[in-house]
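**Student:** Here's the letter readout for the chains.
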Amino acid sequence: MNIVVCIKQVPDTESVIKIAGDGMSIDTGDIKWVMNPYDEFGVEEALRIVKDQGGEVTVVGAGPARVVEALRTALAMGADKAVHIQDDDLYGADPIAVAKMLAKAIEPLNPDIVFFGQRAVDDDSGVVSSAVAEFLGMPQLSVITKVELADGKVKGTRPIEGQTVVLEASLPAVISAQKGLNEPRYASLPGIMKAKKKPLETKTPADLGAERSDFIEIAALNPPPERAPGKTVEGETPGELAANLAKLLKEEAKVI
Amino acid sequence: MAGVWIIAEQRDGEFRKITYEVASAAKKVADELGTEVTAVVLGSGMQDACAELGKYGVAKVLYVDGDAFATYTTDAYTNAAGALIKDGAPDVVLFGASTQGKDLGGRLAARLDTGIAVDCTALAVADGKLKATRPIYAGKVYADVIINGTPQIASLRPNVFDVVEAGGEAAVEAASADAGEIKAAVAEVQAAEEGKIDLTEATVIVSGGRGMKEADNFKLLEELAGKLNAAVGASRSAVDAGWRHHTDQVGQTGKVVTPNLYIACGISGAIQHLAGMGSSKVIVAINKDADAPIHTKADYCVVADLFDVVPELTKEV
Numbered sequence: 450m451n452i453v454v455c456i457k458q459v460p461d462t463e464s465v466i467k468i469a470g471d472g473m474s475i476d477t478g479d480i481k482w483v484m485n486p487y488d489e490f491g492v493e494e495a496l497r498i499v500k501d502q503g504g505e506v507t508v509v510g511a512g513p514a515r516v517v518e519a520l521r522t523a524l525a526m527g528a529d530k531a532v533h534i535q536d537d538d539l540y541g542a543d544p545i546a547v548a549k550m551l552a553k554a555i556e557p558l559n560p561d562i563v564f565f566g567q568r569a570v571d572d573d574s575g576v577v578s579s580a581v582a583e584f585l586g587m588p589q590l591s592v593i594t595k596v597e598l599a600d601g602k603v604k605g606t607r608p609i610e611g612q613t614v615v616l617e618a619s620l621p622a623v624i625s626a627q628k629g630l631n632e633p634r635y636a637s638l639p640g641i642m643k644a645k646k647k648p649l650e651t652k653t654p655a656d657l658g659a660e661r662s663d664f665i666e667i668a669a670l671n672p673p674p675e676r677a678p679g680k681t682v683e684g685e686t687p688g689e690l691a692a693n694l695a696k697l698l699k700e701e702a703k704v705i
Numbered sequence: 003m004a005g006v007w008i009i010a011e012q013r014d015g016e017f018r019k020i021t022y023e024v025a026s027a028a029k030k031v032a033d034e035l036g037t038e039v040t041a042v043v044l045g046s047g048m049q050d051a052c053a054e055l056g057k058y059g060v061a062k063v064l065y066v067d068g069d070a071f072a073t074y075t076t077d078a079y080t081n082a083a084g085a086l087i088k089d090g091a092p093d094v095v096l097f098g099a100s101t102q103g104k105d106l107g108g109r110l111a112a113r114l115d116t117g118i119a120v121d122c123t124a125l126a127v128a129d130g131k132l133k134a135t136r137p138i139y140a141g142k143v144y145a146d147v148i149i150n151g152t153p154q155i156a157s158l159r160p161n162v163f164d165v166v167e168a169g170g171e172a173a174v175e176a177a178s179a180d181a182g183e184i185k186a187a188v189a190e191v192q193a194a195e196e197g198k199i200d201l202t203e204a205t206v207i208v209s210g211g212r213g214m215k216e217a218d219n220f221k222l223l224e225e226l227a228g229k230l231n232a233a234v235g236a237s238r239s240a241v242d243a244g245w246r247h248h249t250d251q252v253g254q255t256g257k258v259v260t261p262n263l264y265i266a267c268g269i270s271g272a273i274q275h276l277a278g279m280g281s282s283k284v285i286v287a288i289n290k291d292a293d294a295p296i297h298t299k300a301d302y303c304v305v306a307d308l309f310d311v312v313p314e315l316t317k318e319v
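From first to last, the protein sequence lines are chains C and F.
Residue 450 is where the first sequence starts when you use the working numbering, and the numbers rise one by one after that.
Residue 3 is where the second sequence starts when you use the working numbering, and the numbers rise one by one after that.
These aren't lab readings, by the way, just hints derived from the structure by calculation.
On a predicted model such as this, the values are computed, not experimentally measured, just so you know.
In this text, a Cβ means the ideal position worked out from N, Cα and C, and glycines have one as well.
A hint or two may mislead.
Which chain C residues stay away from chain F? Per the calculated CB distances, all over 12 Å, these [to be verified]:
(1) G470
(2) Q502
(3) A514
(4) D538
(5) N559
(6) R634
(7) L649
(8) T651
(9) D656
(10) G658
In silico BS3-like cross-links for lysine-lysine, where the CA-CA straight-line distance does not exceed 25 Å [said to hold, decoys possible]:
(11) K467/C x K481/C
(12) K198/F x K595/C
(13) K299/F x K467/C
(14) K595/C x K185/F
(15) K699/C x K290/F
(16) K299/F x K696/C
(17) K198/F x K229/F
(18) K88/F x K131/F
(19) K699/C x K229/F
(20) K703/C x K198/F
(21) K553/C x K647/C
Start from the sequences, fold in the hints, and give me the full structure.
**Tutor:** Take a look at the structure:
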């Protein structure tokens, strides 16, 4: 199996996100950058498949120079090699434009499976995997919690509202990983040492023949709408507290 | 033809609520642009249901009937809706940011070589173009985005846009579009647990955190949820402890939810959790720790032991 895992480097979920002075981007000064948590499930699944069936895992990431750290993390987990599409302006760029570049980088690798995390926890779009699938002419299995491979086909379990569906497609296919797929391993110390020697190729969008397009343009970033200060519910006993709360929810907030 | 188009979502031949929300939002946008709403309905045996969409502001329905459209697949929907959109050249295309809409969005935008804004919570028209607002970083920031390319595509977060009744019947036109090759087929459909309400569609959510102490104690929340017709959610620590399934997780690495009422029980309010539930319309915090960050986000703070208050609240509602 030849497996590609696309990863994104994102702010750690504990990060406080501050809007930069331009009002159009975030202040990256204090941010700790990590591999997108959902991508870890993709890396883990790829490593398990290759352990079972043989093959090779290549991780691909796009963005500024710092993205190499996320790629090294995947190499330390056990991936074999990495491709970095280096472009300083790519962070926060239009996802369809990023998908075009990724597709150009992935195509020559001839993968049987391309894994993604089901969405990145920064822009929350979740469109790159399916756009890459379209550009590569592959089937997509999105938001998958179980992968089964047999006879050149893949089955993927996908929870949807009120149901679970099992999708089936021929390989090659694009799969986006959802929490529950597996328990991602940590990079071990020997793994981290080995990762330093693993091949990491750097390409520019120009090398790939990809031009940036800006289908999505940020007009402004704003803090979340402010909430009015909360009210402390009064009451001497649990019964009183519950009765007063129920009354507020019924009569004041009118939500029950 | 142009105008504002919506792609309807149906299951088992019935429109889902998100379709009415999207139609209502589309009607507003169309009014501002001085145009009309056309709905694309892909389904099987749904001719009679289509005219109903007029009630929510849809002027015209393009209905494609076929067995291949009875159940959603990425390929059939992208092929058929994509071809109709190329042909009709609408200015704007809207649909729900349900699991279906999220699956379709990237594929369709790539097919049409245009931009998409996913999971929007507000729409406006500026200089004749759609401007969409979407929460990013799980709601830590709200981005106003301009969608370049034609058509402008946006998917709308469920349970945010009001369903507005306006107008009467839509003109239904049988349209023809090919489902094409289904590369990823639905092999099996398993129904969820009976009566279980999905978090992203729930109007009320009762959620538990580390303060629940053990899996069994979620019974208390199940009982309250039963009375309120609510879904039960959980914080990451409750999921990591193995008390609840990961599909119940609310937060930055779980589900981002927008219910009318969110009752947080024994949840301290880690930044990732606050991000995931922060856009709920009304938030109640039940936590004995008066200094817990969850109380700073709540509209109603109950500083008391959840094990005392929740059973009483179940009696009261």
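**Student:** Hint by hint, say whether it matches the structure.
**Tutor:** Quick rundown of the hints versus the structure:
1. For G470/C, the requirement that its beta carbon stay farther than 12 Å from each beta carbon of chain F is met, with the minimum near 15 Å.
2. Separation of Q502/C from chain F is adequate, the least Cβ-Cβ distance of about 21 Å exceeding the 12 Å criterion.
3. Annotated as non-interface, A514/C keeps its C-beta farther than 12 Å from every C-beta of chain F; the closest such distance is 22 Å.
4. A cut-off of 12 Å between C-beta atoms confirms that D538/C is not in contact with chain F; the least separation is 16 Å.
5. Annotated as non-interface, N559/C keeps its C-beta farther than 12 Å from every C-beta of chain F; the closest such distance is 18 Å.
6. No beta-carbon of chain F is positioned within 12 Å of the beta-carbon of R634/C; the least distance is around 16 Å.
7. With a minimum CB-CB distance of about 27 Å to chain F, L649/C clears the 12 Å threshold, and the non-interface call stands.
8. A cut-off of 12 Å between C-beta atoms confirms that T651/C is not in contact with chain F; the least separation is 26 Å.
9. The beta carbon of D656/C is kept farther than 12 Å from every beta carbon of chain F, the shortest such distance being approximately 22 Å.
10. With a least beta-carbon separation of about 16 Å from chain F, G658/C lies farther than 12 Å from that chain, consistent with its non-interface assignment.
11. Between K467/C and K481/C the alpha-carbon distance is near 13 Å, which keeps this suggested pair within the 25 Å criterion.
12. The straight-line distance between the Cα atoms of K198/F and K595/C is roughly 21 Å, inside the 25 Å bound, and the hint therefore holds.
13. Taking the CA atoms of K299/F and K467/C, the gap is about 18 Å. The hint holds against a cut of 25 Å.
14. Between K595/C and K185/F, the direct Cα distance comes to roughly 19 Å. Compliance with the 25 Å bound is thereby established for this hinted pair.
15. Of the pairs offered as hints, the one joining K699/C and K290/F holds, with about 23 Å between alpha carbons and a cut-off of 25 Å not exceeded.
16. A C-alpha spacing of about 20 Å is found between K299/F and K696/C, which places the hinted pair at or below 25 Å, so the restraint holds.
17. For a cut-off of 25 Å, the pair hint linking K198/F to K229/F stands: about 13 Å separates their Cα positions.
18. Proposed proximity of K88/F and K131/F is supported: the alpha carbons are some 19 Å apart, at most 25 Å.
19. Taking the CA atoms of K699/C and K229/F, the gap is near 14 Å; set against the 25 Å cutoff, the hint holds.
20. Simply put, K703/C and K198/F have alpha-carbon atoms about 24 Å apart, close enough for the 25 Å limit, and the pair holds.
21. Between K553/C and K647/C the CA atoms are separated by roughly 22 Å; this keeps the pair inside 25 Å, and the hint holds.
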